[in-house]
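**Student:** Here are the chains, one letter per residue:
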Amino acid sequence: MPTFSIRRLAPAAAFLAALQVHAVSAEDVFKIGAPLALTGGLADEGLKQQRVYRMWAERVNAAGGVSVGDRMIPVEIVEYDYQSDGPRAGQLAERLITDDRVHVIMAPFGSGHTVITATVGERYRVPTIACVASSESVFANDNRYLFGTLSPNANMTDVMTAFLQENVPDLTRVAVLGRDDVFPKSMAEATVRAAEAAGLQVVYNALYPVGTMDHSAAVSAIGASNPDWIYITGYTQDLILARRQMDDLGVTAPVVTMVTGPAYQEYTDALGSLAEGVTSSSWWHHSTTYEGVGAWPTTVSFYEDFLAVSGGVDPDYVHGSCAGALVMLEDVLARAGSLDGEAIRDALAATDVMTFYGQISFGENGMNQARDLPIIQVQDREIKVLFPPSIASADLRIVAE
Amino acid sequence: MMSRLGLALFAGWVVILATTPLFAENYIVRTAIMIAMYSALALSWNIIGGFTGYPSFATVAFFGVGCYVGGIAQRAGVPMALAWAIATVAVGAMAAALGAIILRLKGHYFAIGSIAIVEVCRLVISSWRSVTGGGDGLNVPLLRWHPDAVAQFFLLVMIGIMLAAFVMNALVDRHRLGFGLKCIRQNEDAADMVGVDTTRYKIVGFTLSALLCGTVGAAYASWVGYIDPTDSFQILMTVKVPVMALMGGAGTVLGPALGAAAFVILEEIFWANFLEWNRAILGAIIVALIFFLPGGLLNISWRRAARRLRGRESAEAPA
Amino acid sequence: MQIAQILANGLVLGALYACLAVGFSLVWGVLNVINMLHGSFIILGGYLTFFAWRDFGIHPLVMLPPVALLTFAIGYAVQYGLVNKVVTAPVLTTLTLTFGLDMIIYNLMTVGFHATPVKVSLGLGSVSAFGVRMPVDRLMGMGLALLLTGALYYVMRASTIGRAIVAVRMDRAAAALMGIRVNHIYAVTFGIGALMAGLAGVIFAVIFPVTTNLSGMYLGKAFVVCVIGGLGSVPGALVGGLVLGVVESFAGHFFGPAHALTVGFLLMLALLVVKPTGLVGVKGYE
Amino acid sequence: MSAPLLELEAVTRSFGGIRAVDGVSMRLNEGEVVGLIGPNGAGKTTLVNVITGVHTATSGRVRFRGEDVTAQRPFQAARRGLCRTFQIVQPFPEMTVLDNVAAGAMFGGRIDAIGAAREAAREHLEFVGLAPLSDKPASALTLAARKRLELAKSLAMKPKVLMLDEVNAGLNSAEIDGALELIRKIAARGVTILLIEHLMKVVLSVTERVLVLHHGALIAEGEPHAMVRDEKVIEAYLGEKYAKRYREAAGV
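Going down the list, the sequences are from chains A, B, C and D.
For the numbering used here, count along the first sequence from 1 and bump the result up by 1216.
For the numbering used here, count along the second sequence from 1 and bump the result up by 65.
For the numbering used here, count along the third sequence from 1 and bump the result up by 9.
For the numbering used here, count along the fourth sequence from 1 and bump the result up by 203.
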């Protein structure tokens, strides 16, 4: 029997134990845990969250920290990379809570990984704030410690359907194509429900699976159903391809909406003139003009601060929502008066505050109930806000008769 | 066979794993759970990949289907342990049925067939929305205990499955079935001529290699509390498991468990310290493994490594 | 009218699938090695084309020769230096080796190019004839794909290197006796495989977004095309690609996009069982 | 005459257009030692493959102890005691010599426990004179030793019919004598043997009856010495010209 080499492995196990970082848990630092996807498929979104977390921490610490009750204490954000791997996100959430003793966790991008992190948070009674998870299913298993700054999809789709019916004469036929993935799927289904409720005729309704490399079949079918309104959801690369293929196959409609496409700068960069006229609804846009509490009193102040850091790249709803969540936390801590998990949780539940990101007030299931979510459109290579009227900067343009 | 020393050291290792909650933080306990889980998967793979020499990449299909059957059963009110049993049997039946089809293929074609099984399972589960929640994923009822208790419980569960896989390996190794499977690996035609019912033996081997993967999947679903098609059918896992078995020594009884432990520990160390480059480093380890540990950690033979490095296994090497 | 459009979509997509898979099929057929790096070579070709176009304004067509040379060199080096040493080892070894190498290249590209999807858009518009509307860049892509596949077929049939590769595929030992330096030929074959992947990347950069996330998907497609068409033969990859393209296009139309991929896979599984050598494949290796 | 042990009725096997085995009918009785000769490519090995189920007969019947086994699979043939050795030796390379033979004992010979199978294997290794090499890997054996290993392996399968496919090919004369001695000892144990052979010396000294195959068809059958002089057989082996010259020389 060859010599058995388990002995050679023993030192490796010891080394692993030593590696484990010892954090001094003290009451004088407000620690936020942030499992982020810095590598792997969701790396883009993870890096966006990381940027605004650091911006906020620097700005707040420069101003002496956050006020908790009567004390001003510094903030610290503990980051780990979970490599866009769901199970590892849960593992890291546990490490943040048990080893780093964080008071609050910022959930990672996307509804799926948010649920995994929130489940761990719930077990340890540590509040979890999801700034990029919008499908109701994430908040459907009555997790008292989970709060989301994105409003439910239904808010967005009902508002958009109503807005389009008002501004587009004889809008009757709508075609919906969604990506079969947690968030894009719920947006597509919410739109179908909203359209039927508003009496529109849904002439095409299908989902395309993850891993679809080509949309010709779906786009041709949409063309054949000659809709007045085309509504497509998916990640940026799906939407870039879909828009190209619509142009390739000569498929268009008076209103073309793509969800969360135009909200990202990569979309307009990659498509150039093709992005013209594409509408989208989003949770936030930098051209909105809100005023509120916290490190960034107005949208413009956040926008300029961001441009300085990003070298001219515009912030999108991911940046807005996550920065808004942190700003909201300042208000929560002031009301909570202590760093105890339950106190923070109760203060979070009672939150009803205005921020540069917009209104934040959590409903029964922990989701932000803010109503008037901005509707945007690409006009002359720029993003214009069409709704709500209070911050509208342009009128809807019909894409093509 | 397996020496007394090997068995003793393995028992010691199991004791260390089982007692991590006493001397380490939850993060280490969680790593121990992952080690036990991957050891069970690697040991299960060993039956078809190690003993029989059929390079199967279907592990994650068994794991994923185990997750879903266990999760759906639990959501329907079935008690946890029973749900796991149902998952095990269901995955075993699936493996037997699919095995009968793809085990007629050999070498690369079998490997591709096993990968195809993973993709078909993922596509079926993600499009069967009414039952599996499709792309939305599925919430599995959670154990409402104290987190430390939950971690310890699942540590013992995974270690239990690992031991079951270990015992299965040892029994098969001593039994006629193991002998026949090894004949098939060495020379399938000769095995056929010598009287081994190769088709039936391969199907039994394939099913045995699937059973406990189903159990692991179901237990994992109960532990994590949320499963979705992309995470439950990760291509990365289905390649990692054979690599772990190779690292330890495929075809031996202890090899896969040793390989899984070494791989998970190395992955944790590199991932924690080299943030951006951990995937490349892991890749480098795998490449190094191919050249310097041809037989795996259990039978380190520098002679065989030297042979491979000098190109004795290249196309022009004398026969 | 509809049927013509669906068929056209399928054929164009099929030609692209063929171009994507032909290099992979060659390496698998001749070296009996499953090259997990194939997807990453395509993405590498795509990124090189994109950055040349965006930063230096170089038209993708001009990028074909440089990308071809670079990917061939990388392929040759990887095979000669590493894969050759274990090419006679069992399936699991070579597949794991190329998988490890793929993780390294994937990580390098993700750090180097970031995963944000990027795309070359030439704005060539589309053209329509007898009821079928097709974008010019896709037609160009299809034309190029068929041209490249044809060129490879010609090289394999007529050039000395091609004859040597076919000889090695048929009987390695005999080929060696005929004075063919087998290791060199293997490295050339792997290099050609990488070259075809790189060139597919150039074409794809104009049509599809380029991001490292897609490398796994391209690899998956190559598997399916090879099994359907048949291994190691250029016509096999062409037939496999066209059949898959048309099947997915019609399945997407009649069963909805959700099932297009499933139908493609089931076709592969069926063929894997009934005729593992594929529609056109010859009883070569295995 | 009791029912023949093995009976072939107009067995044919064709690959595409070529009829490798063409309407062969023959019988093997218990305890007989029969030779099967014929030029290269006559279809001898294909016939053995058809009998042992490696290939299924395109038409015709194969009966073993009265039971129709035409569609049997190789492992069923082995378990029924219809055993064969390979023309190109097929050992389990990395397994020890002992385990190679134990595999035969366990599966063909249906001994369940590994220990008992190894015991039986030791006896067969003694019998063929390979006992000293029991613990060496099969890949380390010389060609002659590997041929004996094949013999030991098929003996371990408790064969009723043993088909030896050119078991002496590649051996030198001393090794052939050794093999011949072994074949006699096996026959003495009452095992029916079908000897596929080119070496006339072996055929003449061991077999009682000889079948001659040419282009897949049985062209002659009979007593060994007569077969060797049969004109049709010579023509089959050496071609028409020699047959004519032989006829003239013999003044027939």
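Please note that the accuracy of each hint is not assured.
Going by beta-carbon spacing under 10 Å, a handful of chain B positions derived as facing chain D [said to hold, decoys possible]:
#, residue
1, Val261
2, Thr264
3, Arg377
Simulated pairs of lysine-lysine, DSSO-like, Cα-Cα distance not exceeding 30 Å [what the hints assert, rightly or not]:
#, chain 1, residue 1, chain 2, residue 2
4, D, Lys444, D, Lys404
5, D, Lys404, D, Lys435
6, D, Lys339, B, Lys171
7, D, Lys361, D, Lys339
8, C, Lys284, B, Lys171
9, D, Lys388, D, Lys361
Calculated from the structure, these hints are not laboratory results.
All C-beta atoms in this analysis are idealised placements derived from N, C-alpha and C, irrespective of residue type, glycine included.
**Student:** Does the interface hint hold: is Arg377(B) within less than 10 Å of chain D, judged Cβ to Cβ?
**Tutor:** Hint on Arg377(B): violated, closest Cβ of chain D at ~15 Å, above 10 Å.
**Student:** Is Lys388(D) within 30 Å of Lys361(D), Cα to Cα?
**Tutor:** Status holds; Cα separation ~15 Å.
**Student:** Take the C-alpha atoms of Lys444(D) and Lys404(D), compute the straight-line distance between them, and say whether it is at most 30 Å.
**Tutor:** Satisfied, since the Cα-Cα distance of roughly 24 Å is no more than 30 Å.
**Student:** Restraint: Val261(B) near chain D, CB-CB cut 10 Å. Satisfied or not?
**Tutor:** With a minimum Cβ separation of about 5 Å from chain D (threshold 10 Å), the hint on Val261(B) holds.
**Student:** Are Lys361(D) and Lys339(D) close enough, with their CA atoms no more than 30 Å apart?
**Tutor:** Holds, at roughly 24 Å.
**Student:** Hint check: Lys339(D) vs Lys171(B), CA-CA at most 30 Å. Holds or violated?
**Tutor:** 29 Å, holds
**Student:** Straight-line Cα separation of Lys284(C) and Lys171(B) no greater than 30 Å?
**Tutor:** 13 Å, holds
**Student:** Should the interface hint for Thr264(B) be scored as holding, given a Cβ-Cβ cut-off of 10 Å against chain D?
**Tutor:** 8 Å, holds
**Student:** Does Lys435(D) lie within 30 Å of Lys404(D) when you go C-alpha to C-alpha?
**Tutor:** 20 Å, holds
This entry does not satisfy hint 3, going by the numbered hints stated previously; all others are met.
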